[in-house]
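J.: Listed below are the residues making up each chain.
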Amino acid sequence: MRTLLIACVLALGCGNDDVHHLNDGGGDAAPPIDAPAIDAAPAPGVVTVTVTGGGVGIAGVVVYFQNVDSSLVAEVMTDGSGVASATMKPGGYATVIQPGEVGSLRAAQRGAHPLGSAAPIAQDQLIFTWAGVKPGDNLLDDLDPPSSVPPDVDTFDITVPTDPNGSAAQYFLFTTCAGIDQVNITPPVTAPPLRRVRPDAVATNAPVNITISGCSGSADMLVQSRDVNSVPLDTFVVTGVPVANGSDVTLTGTYSAQVAVPLSLVNVPPEFDGANGGQTFADARGFLFESNNVSFDVSTGSDTELLPVPAFGSGITAATTIQLDSQGASADEQTLVSFGPVASSFQLDIGATRLANWVTQPQVDPIDEVLGWAIAKAGTRPDFLMSEVGTSRQNATPTADSWDWVVFAPGDQDGAITYPTLPTDVFDFAFRDTDDTGLFFMAGARAPGGYDAARDTILLTTFEYLDEPFLLAPAAGTGSIDVQAIAPRVGVRARATRPLPLRRTWSRR
Amino acid sequence: MRTFLFACVLALGCGNDDVHHLNDGGGDAAPPIDAAAVDAPPTPGVVTVTVTDGGSAAPGAVVYFLNADNSVVAEKMTDGSGVASATMAPGGSVTVIEPAIAIITPPPPPPSPAPHVVLPGGGAPPQIDDQAIITWVGVKPGDDLRDDLEPVSTGPTDVDDFSIVVPTDPDPAAVQYSLFTTCQNESQAFITPPVTLRGSHPRDVQNNPPIQIELAGCGSATDMVVETSDQEGNLVDTLFVSGATVANDTTLTLTGTYAPAATETITATNAPAEIGDILAFELYLDPLNPLNPLLQVPNDTEFELSGGSGSGTLLVAAAGLGSSVTTVSLVELLSVGNVTDEQQVVSWGPALPTDVSLDVGATHLTNWVTSPEVDPVDGLVTWATTKAGTQPDYVITYVQDFRPDAQSGATNNWHWVLFAPGSEDGSVAFPQLPTDVFDFNWRDTDAVFVGGSFDAVGIEEMGTIGVQSPGGYDAARAGLFDALQFLTSDGLPSFALTGTGQIVVQQSTEGRGVARRPRHAATHRTAPHRVATRNGQVAR
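Heads up: the protein sequence lines correspond to chains A and B, in order. Going by our numbering, the first sequence opens with residue 1, and the numbers climb by one from there. Going by our numbering, the second sequence opens with residue 510, and the numbers climb by one from there.
I should point out that these hints are in silico values taken from the structure, not numbers from a laboratory. Don't take every hint at face value.
Said to hold, decoys possible - If the Cβ cut is set under 10 Å, some of the chain B residues that face chain A in the computed set are:
| hint | residue |
| --- | --- |
| 1 | S880 |
| 2 | T894 |
| 3 | F911 |
Said to hold, decoys possible - Partial selection, computed: residues in chain A whose CB lies under 10 Å from chain B:
| hint | residue |
| --- | --- |
| 4 | P270 |
| 5 | G328 |
| 6 | A329 |
| 7 | T360 |
| 8 | V370 |
| 9 | A374 |
| 10 | A378 |
| 11 | T380 |
| 12 | D433 |
Unchecked claim - Here are the in silico distance ranges between beta carbons for each label pair:
| hint | chain 1 | residue 1 | chain 2 | residue 2 | range |
| --- | --- | --- | --- | --- | --- |
| 13 | A | S230 | B | A956 | 34 to 44 Å |
| 14 | A | N395 | B | T944 | 34 to 44 Å |
| 15 | B | S818 | A | T380 | 45 to 55 Å |
| 16 | B | S818 | A | T399 | 18 to 28 Å |
| 17 | A | S295 | B | G564 | 54 to 64 Å |
| 18 | B | N950 | A | D297 | 21 to 31 Å |
| 19 | A | V228 | B | T944 | 53 to 63 Å |
| 20 | A | N395 | B | D864 | 32 to 42 Å |
| 21 | A | T380 | B | N779 | 30 to 40 Å |
| 22 | B | S580 | A | V259 | 50 to 60 Å |
| 23 | A | N395 | B | G1008 | 38 to 48 Å |
| 24 | B | T944 | A | A430 | 39 to 49 Å |
| 25 | A | G351 | B | N779 | 33 to 43 Å |
Built from N, CA and C at the ideal position, the CB exists for glycine as well.
So that you can see chain A by itself, here it is in the shape it has in the complex (with noise of 0.2 Å):
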């Protein structure tokens, strides 16, 4: 699964600033002569969202393109394949009304009441814009995306050496098969002895019959043994297993003991007044291996934590996560990932690494439609926002209208992100002063590419840059993902007059 969504991400977003390719057929005319290139508008663009559910695409989804000053450039409905394109300029907005109660009710009257007619009531209906859309972007909304874990289910016996570090008692099987983390794989205790080939040859352990799905005919795999107390002891990696229903596989190699990396944090603001950072490991087939975590003290602005972890190889890219508590009046978390080779030691500069910390808490002026909060001076700013925000209005009815509305926005917008002004031919989702609103999540995040190359697929990695990052990372390469979020005060929604969910709004795959 990890492996699949690692490599879409990263596929996506090159060249989303070339628009020639991708103009309304406009070609590639030559600039008026006395044009100046320098003060020349923005090129119109197509700019395509696609709704699918399961991958199939979902038609009739209502889709608003708009300017950056919310003037209304298209409202169009998803077609046969879920898609709905529209020429503008860069800067603006898009934004799906999610098929749901709205969103199939508006699709079901599209004969009876043409757009711009009657608005139906609201009931938990999700709203996704992108702001600061451009030409050539593809914007992807699949809130049940197929799996992307091969079909495959393989059947097993296994077959690993015996470490022979006296005190190993467990065995743990760690693959890059996207199905599965770990797999236990000491024998049972009823098993036959130790058996011995040859005097000079290694002892293994006996078969253990193990099942395992997405290993796509083969897989990287690490054997790792554990004490009595499940303290990890010795590792060896096997790569290019092949994988196959029914076929035993039997793994050769040498245990070798865990490494203690120094990972070591510097230049910490007093901001942060705690630390923990681990690392986690994948090669080209995928994710492979998650250290534990360590945690650091940095009330001095320094500290250095030995990491135990596997002896890898080449051709494993390591991703050194740091979390960073903040203190006082700073309201987010950091999450800061670092990957490259594996290497001996990881040294992180915190001040020169950072986000700009948020001071206050975000808040939504209904009036100006605006989410805002303030940031510190120091720090750099993040590439693109992530918002969702939970409105409930209480109409004629003893019920109340209520929606949650998720945004993406460039980093440039940190401390206020401003929302469209929808067209109100579905239902009027501007704020009101009389609404109950409250925030459900805020996270900026600095990734490679930026937010050119994150926002085709945002909607679909969203949690994982509010969870786990480092399953953003790149098989190879050397880079950052640097991660701020921040979780509401408790009662931020006290007044709202529908209950919030504990969890959050759209399902996760």
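For chain A, the structure is supplied; the task is to place chain B on it using the hints.
T.: For chain B alone, coordinates are given in the frame of chain A:
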């Protein structure tokens, strides 16, 4: 007892813009001939702060006089009279570091050129605990700002234990009797006679049996109101007696005729959608004790608005309270949705009784639609406001700061009250203070937030307040510290209002003021009045 102070709040400010007589000895020199008056910089003048503690001068308090750009005009210490002053251009700020750490007694001689603040502990960084800082922003020459650290109670202190006889209310609905007075301290008593063996009050007699009560601070003459109410506590009748004399170990017999309660209609119109409900009640002020309501009607009315309009009725004291009594109508505008403030319209006048009609749309202040938050980076408290409505004349905000001290492990904490002109509604800039006493300027590593208690002046909780009052900020500025308790109370326990007028107060619902509300418990007066009986027990 801060009550007496508010008398001055609304009366001040007259002539505050006229700085000539207050100018720093400069006289009224004619302007230079070639000076274009329209472009002339604002004329500097003397701004004074008087710091008192329990009514006595508080010398040695550090006072910062800053220009609008935070440049230091002067750093002074209050002198033996508790006074510090500086000549400054209008628009700057004045900040008093209340003498928890900064007070030095006796005060040093006037420092030159800059004062040297002697810190406790031999110059070591002071530990700050519950330090109070008071700032006025947008001061003007001629201001004489007052900061009374702990006001002293004034007025008579006599305690009188006596019997009181009141006429029996002929209305059979009247089953409870309460006495309200203009006494300064113990001003009310529950005087319902004991139930007879037959289970009823004696109605066949002219007077109720004597009740022994204790009142304090009554002085030589006391105005009194006997209020009768029915079994549910609804007002039935009132009897007003002017100039009664209270003396220890005597019997006071009140005479007169009960006046029936009147029904007053409270009508609200043109209310914006942000206002969902109206809560109204009424009270009465007497000139013998103008800072403490003589009587508050026992009931209030709350009604829902429909289409911006609605009405409710209120049982009020009718004629008979005396021509000198001022009637005060309090209408609370209860907000809905994202609106984070609630507003109270306080109207007063001599008429009794008068239906109240309030054009809410024309009266209400611009609502607040986000909660005031501290931006420690830019030194701001910010919130979002609606566009409809009127901007308040001035805003007040209260911020608490907690800063861990890495060396000692203790946490320094202080609270900072700031008064600012209404032009800062939505974004109040705190001054950047000098750091010689302590670095009070916020840091993003501090835990800093709007709202908290201000125990020294009897405020359980206050946050951000906006006020529109007669004369605006200029009239109110000098006495605003004294008025804090009044402004943070939704029951208006203490104020003096004369003539006819109106104040609109808005408070953020987070950190909303919870000052004492002695005669208007919660929204309904459910708790019966107390009476101190002769044997010291408290009857209800």
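J.: Each hint needs a verdict: does it hold in this structure or not?
T.: Hint check:
With 10 Å as the threshold, the beta carbon of B/S880 comes within range of chain A, its nearest partner Cβ sitting at about 7 Å, so the hint holds. Satisfaction of the interface hint for B/T894 is found here, the shortest Cβ-Cβ separation to chain A being roughly 7 Å, below the 10 Å cut-off. A hinted interface residue such as B/F911 counts as satisfied when its beta carbon comes closer than 10 Å to some beta carbon of chain A; here the least separation is about 9 Å, so the hint holds. Hint status for A/P270: holds, given a least beta-carbon distance of 5 Å to chain B, under 10 Å.
Contact between A/G328 and chain B, as hinted, is supported at the beta carbon level, the nearest pair being about 4 Å apart and thus within 10 Å. Of the supplied interface hints, the one on A/A329 holds, with its beta-carbon coming within about 5 Å of a beta-carbon of chain B, less than 10 Å. Look at A/T360: its Cβ gets to within about 4 Å of chain B, closer than 10 Å, so that hint holds up. Because the smallest distance between the Cβ of A/V370 and any Cβ of chain B comes to about 8 Å, under 10 Å, the interface hint for this residue holds.
Because the closest C-beta pair between A/A374 and chain B is about 4 Å apart, less than 10 Å, the hint holds. Because the smallest distance between the Cβ of A/A378 and any Cβ of chain B comes to about 9 Å, under 10 Å, the interface hint for this residue holds. Because the smallest distance between the Cβ of A/T380 and any Cβ of chain B comes to about 15 Å, over 10 Å, the interface hint for this residue is violated. Evaluation of the A/D433 hint against chain B yields a held restraint, the C-beta minimum of about 5 Å falling below 10 Å.
Between A/S230 and B/A956, the C-beta spacing of about 39 Å keeps the proposed range 34 to 44 Å intact. Restraint check, A/N395 to B/T944: a C-beta distance of roughly 54 Å breaks the suggested window 34 to 44 Å. Our hint of 45 to 55 Å for B/S818 and A/T380 holds, since their Cβ atoms are close to 53 Å apart. B/S818 and A/T399 have their C-beta atoms about 25 Å apart, which keeps the hinted 18 to 28 Å range intact.
A hinted range of 54 to 64 Å for the beta carbons of A/S295 and B/G564 is consistent with their spacing of about 56 Å. Checked against the hint of 21 to 31 Å, the C-beta distance between B/N950 and A/D297 comes to roughly 28 Å, which is consistent with it. The given range of 53 to 63 Å is respected by A/V228 and B/T944, whose C-beta atoms sit roughly 59 Å from each other. Under the hint 32 to 42 Å, the C-beta atoms of A/N395 and B/D864, about 34 Å apart, fit the expected range.
For A/T380 paired with B/N779, a C-beta distance near 50 Å fails the hint of 30 to 40 Å. The hinted range of 50 to 60 Å is satisfied by B/S580 and A/V259, whose Cβ atoms lie roughly 59 Å apart. Distance hint check for A/N395 and B/G1008: the Cβ-Cβ separation is about 46 Å, which falls inside the suggested range of 38 to 48 Å. A hinted range of 39 to 49 Å holds for the C-beta pair B/T944 and A/A430, which are about 46 Å apart.
Between A/G351 and B/N779 the beta carbon distance is about 56 Å. The supplied range of 33 to 43 Å is therefore violated.
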